Amino acid sequence: MKNGFRQSMAWLHTWTGLLVGWLLLLIFMAGTASYYREEISRWMRPELPRSTVSNEVAAERAIAFLQHKAPQAESWNVTLPDPRNPAMRMFWRNPESMVKPPAEGEKRRRRGGGRFGDATVDPGTGEEVAARETRGGDFFYRLHFDLHYIPVYWARYLVGFCAMFMLVAIITGVITHKKIFKDFFTFRKDKGLRSWLDFHNVSAVMALPYHAMITYTGIVTLMFMYLPWGVNVAYPKDEDAFFSEAFARLADIETPSEGTATVLPIQQLLDAARAEWKGAQVSGFTLYHPGAANAVIDVYQRDGKRLSVDTPSLRYDAVSGALIEASPLSGGATQTRGVMYGLHLARFADWGLRALFFLSGLIGCLMVASGVVLWAVKERPKHAKSGKIGFGLRLVDALNIGAVAGLPIAFAAYFWGNRLLPVQMAERADAEVNVFFYAWGAALLAAFLWPKRLMWAWQLYVGAAMFLLIPVINALTTHAHLGVTLRNGDWVLAGFDLMMVAFGAVLAYCALRMQRWQPALSAAEKKKRQVAAAAAAKAQESAHAEANA
Amino acid sequence: MDSTPDASWFSRFGSFFARPWLGVLSRSLAAIFGGYALAATCAMFFAVALPIARGQAVLTGMLVAIVLCACAALWAFATRTALRAWVGILIPTALFWVGTELLRAGA
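These protein sequence lines are chains G and Z, in that order.
Residue numbering for the first sequence follows our numbering, beginning at 1 and increasing consecutively.
Residue numbering for the second sequence follows our numbering, beginning at 550 and increasing consecutively.
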């Protein structure tokens, strides 16, 4: 399109990146936070116990709890505790006859039309935990692809559209670089536009395999929605057949039979599964028709070290203990998709690898942020020459401040809301989410009213202060603060508080740089000053010489 | 210079289409809608054409189509004229479509 291939690609890179850059930054930041979804959820429910019972004991207590709480349910699903999440999550499906129509004036329709019940149980006591109502890290996870306030369906198309732009921006970015290897080691400090360009390059190239992987696999996670055409053609009017054929699932569950029977001790069933898997851990199970003569149990393997999200499962007769079915080995394409999906979620990562993923995600945020800033820095001299800041640059400036400096404020505000909103408040989880968007809205509004350099500094200072104060607020409002968590070696909660301090410090440093920033001198200006300095020195020297004479 | 009304209308018409922003718009539409059409037909073609299990063919088609969609966007902006951008995307799309229909009719 332009005069050469590389120029065309550079043009395409600029515009695909800029057009979706701000939404992309939100998606990237929410996704990066989601690596620590469980840890964030735990920090946001400081009431949660930190128990260390074995999975056998936990499973027994789960069954006892469900027998008491939901004896009539058609099925019980239990997720056993793991090192990242010490509480047990469970839900059950009620028979149709038990479902009551929603009460008069009930605003929110319950998920699944009220057929499902759910509980979070402390495996140490077998009692339901009474924690504050919050969406925790799940909010960031959902925000990452469902956004908020708009229908999920549209949000996912919008996010997919942005991801496709991102994929194009990554490929064109690589093409644009003649010296991709050299750029990796190049950073020219305090050189205005050059420095921003170098920073953009370094952040992009350093984690390039990560950026390419995360963008492609992100589209793969929702590809059934984006590209349903293949399924439509190969399985006309029978989508379910595709999913059961391609995903090697266990057979459908039969209807409950007459008569009652007692289910074997859960420990015995889980032991059988572990033996079948040669020692691999169990992540959870679903018991169908508890109490009926044909009760069956599906046992799921923990992700552990496998890359794929498709984990093996086994089905046992829960009364006799006989193995009924094992999930069959899936085909090559299914496994490929499973690994792609798994790479995106990174559930397999232990703490070290998880930290690397998180760091790569942060570098991705910096790449997007420096990209949109770079556009404004490059555009500014053109406007400066005419003496008037044009509409386009003003708009980009405002969006840059509102996104790059404003989003950290929103993230911090969400955590503030979790600690400061009254614990017994109605619709508390929604209120926390609203705090996130009110804070972001305020930052955007301020940026649009006065999109100047000092606005950058102020917003960064506000973000820094809010992050730095999180451990303080935590200490004032809960008993799970640094004084306790460091002493007990509870590194999840302590690590969260310390990370907040680190983010605050980095934001404060950026704010300070922004505040003290001086426009870079042009080469001509520099030369002029050098000449002037040399002349002054000479004059002084001759004055000296005269005085000595 | 030819001054017949027809020709002047034509030359005005021509100069309108020579505007650079129209070329950008046209290429953008080719990249977005053409690219998606190419990806969709590619997914369909792979689903019926690959000689492997049906479910696996469907999945393979989707995984490939995503990459093809990105390539279509690159092509739309890399090629010399906006017309070539459209032609280069629509011809393979049409081929995938025809191939899919033929295989479905044969099956």
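These are calculated hints, taken from the structure and not from any lab test.
These numbers come from a predicted model, not from an experiment.
Even glycine gets a Cβ: it sits at the ideal position worked out from N, Cα and C.
Don't take each hint at face value.
[Said to hold, decoys possible] Estimated spans, in silico, between C-beta atoms of each pair: (1) Z:R568 x G:A241: 18 to 26 Å; (2) G:V174 x Z:W570: 21 to 29 Å; (3) G:L395 x Z:I640: 52 to 60 Å; (4) Z:L652 x G:F348: 45 to 53 Å; (5) Z:L639 x G:D252: 54 to 62 Å.
[As the list claims (entries may be wrong)] These stretches of chain Z come out as covered by chain G in the derived footprint (C-beta under 8 Å, 3 or more residues): (6) 606-612; (7) 635-649.
Exercise. Any of the earlier hints contradicted here, and which numbers?
Worked result: 1, 3, 4, 5, 7
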